[in-house]
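Asker: Please work from the sequences and hints to get the whole structure.
Protein chains: 4
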Amino acid sequence: MEVEIATIGGYEAVGRQMTAVRAGDDVVIFDMGLNLSKVLIHDNVETERMHSLDLIDMGAIPDDRVMSDLEGDVKAIVPTHGHLDHIGAISKLAHRYDAPIVASPFTIELVKQQIKSEEKFGVQNDLVKMSAGETMSIGERNELEFVNVTHSIIDAINPVLHTPEGAVVYGLDKRMDHTPVIGDPIDMKRFREIGREGVLCYIEDCTNAGRKGRTPSESVARRHLKDVMTSIEDYDGGIVATTFSSHIARVKSLVEFADDIGRQPVLLGRSMEKYSGTAERLDFVDFPEDLGMYGHRKSVDRTFKRIMNEGKENFFPIVTGHQGEPRAMLTRMGRGETPYELDDGDKVLFSARVIPEPTNEGQRYQSEKLLGMQGARIYDDIHVSGHLRQEGHYEMLDALQPKNVIPAHQSLEGFAPYVDLAEDMGYKAGRDLHITRNGNMIKLTE
Amino acid sequence: MEVEIATIGGYEAVGRQMTAVRAGDDVVIFDMGLNLSKVLIHDNVETERMHSLDLIDMGAIPDDRVMSDLEGDVKAIVPTHGHLDHIGAISKLAHRYDAPIVASPFTIELVKQQIKSEEKFGVQNDLVKMSAGETMSIGERNELEFVNVTHSIIDAINPVLHTPEGAVVYGLDKRMDHTPVIGDPIDMKRFREIGREGVLCYIEDCTNAGRKGRTPSESVARRHLKDVMTSIEDYDGGIVATTFSSHIARVKSLVEFADDIGRQPVLLGRSMEKYSGTAERLDFVDFPEDLGMYGHRKSVDRTFKRIMNEGKENFFPIVTGHQGEPRAMLTRMGRGETPYELDDGDKVLFSARVIPEPTNEGQRYQSEKLLGMQGARIYDDIHVSGHLRQEGHYEMLDALQPKNVIPAHQSLEGFAPYVDLAEDMGYKAGRDLHITRNGNMIKLTE
Amino acid sequence: MEVEIATIGGYEAVGRQMTAVRAGDDVVIFDMGLNLSKVLIHDNVETERMHSLDLIDMGAIPDDRVMSDLEGDVKAIVPTHGHLDHIGAISKLAHRYDAPIVASPFTIELVKQQIKSEEKFGVQNDLVKMSAGETMSIGERNELEFVNVTHSIIDAINPVLHTPEGAVVYGLDKRMDHTPVIGDPIDMKRFREIGREGVLCYIEDCTNAGRKGRTPSESVARRHLKDVMTSIEDYDGGIVATTFSSHIARVKSLVEFADDIGRQPVLLGRSMEKYSGTAERLDFVDFPEDLGMYGHRKSVDRTFKRIMNEGKENFFPIVTGHQGEPRAMLTRMGRGETPYELDDGDKVLFSARVIPEPTNEGQRYQSEKLLGMQGARIYDDIHVSGHLRQEGHYEMLDALQPKNVIPAHQSLEGFAPYVDLAEDMGYKAGRDLHITRNGNMIKLTE
Amino acid sequence: MEVEIATIGGYEAVGRQMTAVRAGDDVVIFDMGLNLSKVLIHDNVETERMHSLDLIDMGAIPDDRVMSDLEGDVKAIVPTHGHLDHIGAISKLAHRYDAPIVASPFTIELVKQQIKSEEKFGVQNDLVKMSAGETMSIGERNELEFVNVTHSIIDAINPVLHTPEGAVVYGLDKRMDHTPVIGDPIDMKRFREIGREGVLCYIEDCTNAGRKGRTPSESVARRHLKDVMTSIEDYDGGIVATTFSSHIARVKSLVEFADDIGRQPVLLGRSMEKYSGTAERLDFVDFPEDLGMYGHRKSVDRTFKRIMNEGKENFFPIVTGHQGEPRAMLTRMGRGETPYELDDGDKVLFSARVIPEPTNEGQRYQSEKLLGMQGARIYDDIHVSGHLRQEGHYEMLDALQPKNVIPAHQSLEGFAPYVDLAEDMGYKAGRDLHITRNGNMIKLTE
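Residue numbers (the UniProt record's numbering), protein chains in the order written: chain A, 1 to 446; chain B, 1 to 446; chain C, 1 to 446; chain D, 1 to 446.
Source of the hints: derived by calculation from the structure; they are not laboratory data.
Just so it is clear, the structure is predicted and the values come from calculations on it, not from any experiment.
C-beta: ideal position from N, C-alpha, C; glycine also.
Pair ranges (Cβ atoms, derived):
#1 B:Arg49 with A:Gly375: 52 to 62 Å
#2 D:Pro288 with B:Asp343: 52 to 62 Å
#3 B:Lys189 with C:Arg96: 44 to 54 Å
#4 D:Pro288 with B:Arg49: 47 to 57 Å
Answerer: Now the structure itself:
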């Protein structure tokens with residue numbers, strides 16, 4: 001059977017991930033993501049109303065026109081998890097394909113919300129929930145399986161397309177976490193089994209391939225966070241925290257430790273409400289019954305007023321703004337634009353790392369400056385990455401023993417340390433290690 | 001009563017710490033340290049046989065000649081903990097003073113060993129053990145107290161000289177650890193009491209004053225280390241670790257987790273044997289009875305041979321060489337100079353951070369390169385610092401409310417962020433915040 | 001005679017320079033500057049209408065309230081050169097003093113323009129022009145002299161107050177340039193003479209004190225610029241350059257080399273017109289008669305249209321925007337907001353260095369990204385600094401042999417390498433080397 | 001005609017460059033280089049006596065075993081210039097090929113010396129001198145041409161193999177210098193002609209591909225150097241300089257400016273004597289008749305003694321040691337191991353940049369520390385690179401318009417910015433832009 005990989009997006013930079021695998025006449029698409037930075041660099045661009053071709057020209061969504069070169073029928077569109085760089089283009093591209101969107105329950109819910117907010121296209125693809133460990137037939141001879149992985153968002157999976165020629169494992173995005181705070185550990189047992197069954201191709205996220213060692217477990221970040229929060233237990237003024245809104249495990253830790261130090265947690269900001277509300281509704285997390293979540297500006301401000309009235313020392317607001325985004329809640333707090341007043345000695349916890357790019361660094365710097373000018377004390381970098389480092393990659397290759405390897409989810413510069421690693425392990429670029437770019441076809445079997 | 005501080009060493013760079021406090025006619029000396037890098041930059045210098053004046057000229061030990069300007073009698077020499085930059089000059093300088101060396105039990109033991117290895121001077125000062133929480137009279141009107149602190153070596157204290165004018169708190173070196181792996185948490189309760197009683201002066205270690213947030217607890221490093229070691233539990237080849245030899249809490253964690261993953265730990269290298277042996281003998285740590293510790297080259301090599309014979313997969317050598325020191329055990333392993341043979345995939349854990357200086361960085365780079373050329377996989381930076389960051393400093397100043405503050409244990413560049421912090425909290429340089437250099441006198445009361 | 005220095009502003013960060021020297025009953029104020037970054041971090045602050053106390057609270061202008069502690073009469077306000085961080089607070093503070101503003105001709109002209117744009121205060125101080133090499137009596141026993149120095153703006157001087165106790169040399173800002181492109185070389189002969197006559201105190205700009213070697217001459221930057229411009233001589237599309245508007249020598253080189261490669265230079269942007277227009281009017285530079293300078297948006301856009309009509313290949317626009325300032329001309333060009341259309345291969349020359357601060361770095365990054373998205377090719381860093389490096393500082397101290405040294409124009413971190421240098425040369429902090437902060441008095445003689 | 005490229009060495013890291021081009025039955029080898037860092041990491045390795053297979057295993061010399069897969073006869077071995085990473089493996093590999101070594105006169109001379117020092121193999125290949133602008137037949141249908149380029153060594157060329165299918169241009173190493181200090185400017189006219197004639201393939205050195213703008217001309221470095229040296233003209237103590245020994249243009253500038261400031265230059269160190277002596281003998285440079293060059297330790301020390309006797313202020317030693325190499329002359333001077341005594345204020349000029357790698361950085365740091373401890377003042381970074389930056393690469397591609405592009409002379413990480421540039425210009429990786437590794441074959445025509 002012919003097996004062919006179309007590397008559509010995310011092979012020149014992180015952001016607009018999209019890959020198609022053809023096995024015989026069946027095609028499966030993995031991810032349809034958005035590169036948000038390509039949108040934000042322009043002033044006043046609203047993607048909701050934009051046409052896909054314009055977004056393709058901007059480099060914001062995958063250029064899926066190469067799909068016409070793939071002979072075969074798309075049988076499924078499979079986003080691996082709910083981050084925007086994996087699902088953000090679905091509302092712009094999915095309607096072109098007569099295929100269901102198959103994803104884990106939490107991811108499906110986020111896809112649903114994204115489709116709802118779309119104003120230009122009517123996306124009507126079926127939405128099919130499939131959980132880690134489950135499988136689905138793809139055409140007559142192929143089978144799709146979801147393997148549980150651990151990432152900085154819950155309910156992430158790595159899809160595996162089992163073909164008669166071997167498995168195609170799509171490895172975006174994950175870290176190897178044996179003690180995640182929510183959900184099951186990464187299913188290395190299953191990966192090793194699949195390795196023994198035979199892997200034709202492994203497509204891998206290279207984000208941290210240049211960093212030595214292994215990415216710590218979420219439980220290490222949780223231990224670190226606990227250490228910080230316990231140390232300020234006796235402080236009797238304001239304490240505020242921010243993190244990635246979609247990072248439910250982290251939000252859960254923040255909520256729990258807030259309770260431990262005698263403060264009432266409250267989630268503030270549109271995306272805080274969205275992700276945590278969804279996770280709670282789907283029973284992924286068991287928040288305290290009275291946990292407030294407020295997204296609309298009015299209810300946020302009302303909450304801030306209540307906090308100021310009842311005493312800042314009783315609350316623990318968890319807000320948006322970890323990258324210093326100019327319009328996010330924490331930045332507005334720094335500018336004094338909310339009813340929450342910061343005093344000398346108040347604590348601000350960034351349970352996040354600055355994404356290393358000059359725009360973010362400048363914005364985050366400004367946000368911290370503004371907070372500091374009001375007396376806030378900053379605790380930053382209480383975080384672990386969601387992506388494998390070198391030794392995680394080493395273990396994955398060791399477990400899967402794939403015949404072919406395709407580095408993905410990075411620029412060429414980002415691929416480089418992964419290529420070095422794979423060559424150390426016996427692969428050879430140009431032979432079974434495929435260094436590629438957006439828009440290419442890689443034929444694996446004839 | 002006149003109280004005066006002589007800032008003798010360690011006020012222009014980390015390394016040769018020494019400070020004297022005169023309260024009336026009584027003088028107490030805190031620390032007598034060695035700046036090892038000033039020795040190592042020269043080839044073939046052996047400090048054991050060198051005269052103190054030569055070492056002063058090299059910048060290696062404190063220039064204590066300013067002591068002659070201090071009117072009063074030295075009543076005690078008080079090293080705060082057992083690191084070389086705090087005790088390393090005792091064998092060269094202490095004999096000039098007719099005063100006992102007063103320190104915590106573990107520190108006294110290390111001082112004793114250091115004096116024994118001295119070949120030039122005969123140091124005969126009394127060695128007096130005093131534990132955290134205990135006190136001692138200094139002359140008729142002053143009292144010396146030891147407050148328990150937490151650092152990257154066990155049995156560290158902060159000495160406090162209680163004078164009629166208020167307490168002089170000597171704050172070198174510590175982090176604020178509420179869950180250390182060995183020993184008691186930092187005694188913040190006592191610091192707050194002392195703060196309420198009245199602090200005349202606080203002398204503080206500024207090492208990490210430029211880093212935001214707080215230094216994590218040793219238990220965060222322990223959790224991180226556990227995460228790494230558990231993740232390689234199933235590996236059936238060689239696993240080797242290195243850390244600071246004097247960091248008994250870390251060595252203890254390594255030893256325990258080695259057992260957890262089914263390997264026999266063994267400590268190798270002269271200083272590994274020295275520090276861990278001492279800690280065990282003094283009952284600071286309870287190692288397994290059969291824990292091997294070998295320092296002499298012959299016994300090390302014999303142990304390596306045994307490991308190779310009985311199977312690397314059964315052992316967990318903990319060795320010297322975390323900074324890539326050219327003659328340390330791990331570097332020799334990288335060069336293939338020991339009987340231990342590294343194979344593809346063997347793991348090397350650096351439970352340490354490279355001390356950021358080009359010489360170290362170059363040596364560590366070479367060590368990792370050599371290990372990598374033999375197939376080793378590197379896990380680095382499994383570590384937390386032993387020094388307070390900004391928010392620890394904030395809390396200490398908040399607890400002590402000192403009348404005067406003296407930044408120490410850094411260069412002027414290193415003082416800068418501490419000065420910014422102290423000024424944010426209301427101190428003023430030139431008034432009650434004393435930016436100083438080696439060899440100065442600061443008169444606090446008339 | 002009592003001589004006393006008040007270190008009012010610019011001793012904790014670059015920006016709002018102000019220092020007063022009292023010699024007997026006579027006081028001279030050196031510089032009254034603005035820290036623009038303290039203004040820009042707030043949205044929509046217009047300094048023109050603000051009260052000085054509010055600007056002091058923001059940290060934007062010097063807190064001159066300590067002047068009331070200085071006994072004596074202010075006899076002159078002396079800005080050293082026309083940069084905003086040296087003259088920008090004159091319109092807010094000078095009217096409080098009954099004293100003339102004494103400066104070099106070009107500086108006086110810029111002060112005049114600044115006063116004119118002030119909307120809150122009426123500044124009526126006399127404006128007195130004095131050139132390098134000239135002197136003026138200050139009271140009965142002191143004399144003010146201007147020594148010619150070289151900086152990144154023309155007509156910069158170092159004022160020297162000759163007192164009976166020796167000279168007070170105010171050394172902000174300069175580099176040691178023996179072949180400046182405009183004006184005379186730095187007058188080292190006179191500095192050495194003053195050194196021999198006796199210097200009581202030297203106040204020095206520490207900006208580059210941490211950089212090894214010496215700052216290259218402007219003629220090195222000119223040679224570099226020539227190299228770049230000659231190399232693209234044959235390009236037949238658009239070429240655009242940006243630099244500091246106040247850097248007349250650089251603008252002159254750009255204009256001349258534009259002519260050399262057969263293109264008509266044109267200066268665009270409000271501050272380009274302001275500084276170059278002023279320099280030309282005062283005969284500091286001899287631009288071609290037909291050199292266009294346009295500041296108002298309408299005339300700029302009209303010029304751009306003409307350029308597009310007559311052919312980009314014939315022009316060389318020199319525009320504002322070297323730091324990626326969001327509203328500057330080059331950034332607008334990058335956003336496609338001007339009639340000038342960039343094509344693939346067009347060249348953009350940044351004859352400037354990014355001021356190393358995350359906000360600037362973020363903005364400049366965005367500007368370059370936007371330009372690059374339109375096809376522009378970037379040539380950056382064609383520049384030399386206007387501030388002395390280590391060896392320039394070494395030579396100045398060697399020439400002046402001052403009794404006292406006061407590091408200025410930096411944060412404490414910035415002072416650190418200067419302090420190291422001065423101590424290497426025999427000074428001692430706390431004795432004759434004064435490490436100070438804003439708002440202090442240093443009494444030099446009784 | 002079949003044209004095929006074998007990318008033998010230097011495609012995974014800088015160092016052991018080697019590329020073979022087969023055009024029909026004729027093969028030409030470009031470069032046979034040595035990666036010195038792979039040798040130096042081991043203690044006490046002497047390459048002179050080592051077998052080539054051992055050196056291949058160490059990664060020190062190219063693995064030319066893939067040459068057996070190339071059908072055709074090697075007609076010429078063509079090193080492009082005399083740097084070790086281009087000629088250093090000739091003594092180990094050339095004897096395996098029955099072909100002459102064809103190079104420019106200066107390069108041939110260096111090859112000759114290298115062969116002479118070889119102790120293991122007898123290399124007997126003909127040495128054929130060919131100058132820039134000349135051509136030579138390669139078999140019946142191909143022709144080899146040398147095009148003059150500019151690099152950090154004199155007499156560098158880019159070889160072009162003209163085949164019936166178009167030219168293969170081997171572009172290692174160069175910068176685009178229109179005003180080199182020695183020799184002719186880069187021959188862009190000829191490159192543009194070749195571009196118009198048709199280029200089948202361009203193999204390019206990517207060293208600085210990630211740096212914006214263009215590499216300055218050697219005359220910019222010369223202007224910078226003049227600025228530094230003039231500024232210390234009046235100093236009456238010792239002045240010492242170091243630079244790359246093979247960088248004859250820089251040595252020439254140093255020698256000339258030494259004379260300008262009234263000092264007698266003298267070249268010291270084995271490789272100083274070797275390269276400058278060779279260049280003078282071949283009439284590439286016209287040094288003063290009495291310029292001393294001393295390589296042997298004894299004559300160096302004798303010279304140092306003479307300098308000390310006759311007065312340091314009369315001399316200008318130009319010595320080896322710009323990277324802080326432990327055994328080089330300048331490092332020995334820092335250690336006080338030569339008769340030359342450094343005094344406070346003596347000047348040391350590094351007309352070189354530290355090659356950015358931790359080993360070098362550590363060694364250079366130590367060297368500067370040692371020099372500084374003796375009072376030396378350091379002037380560093382008086383240098384420009386010999387390799388093209390982005391805009392040079394842009395111009396080369398624009399001039400040559402090659403059908404195929406092969407990035408070389410870097411790691412994959414180093415290729416990345418070049419690939420981005422080439423794709424911006426319309427090339428596509430996997431189609432006409434070949435991202436490759438050591439040991440691959442690229443078939444360009446059938």
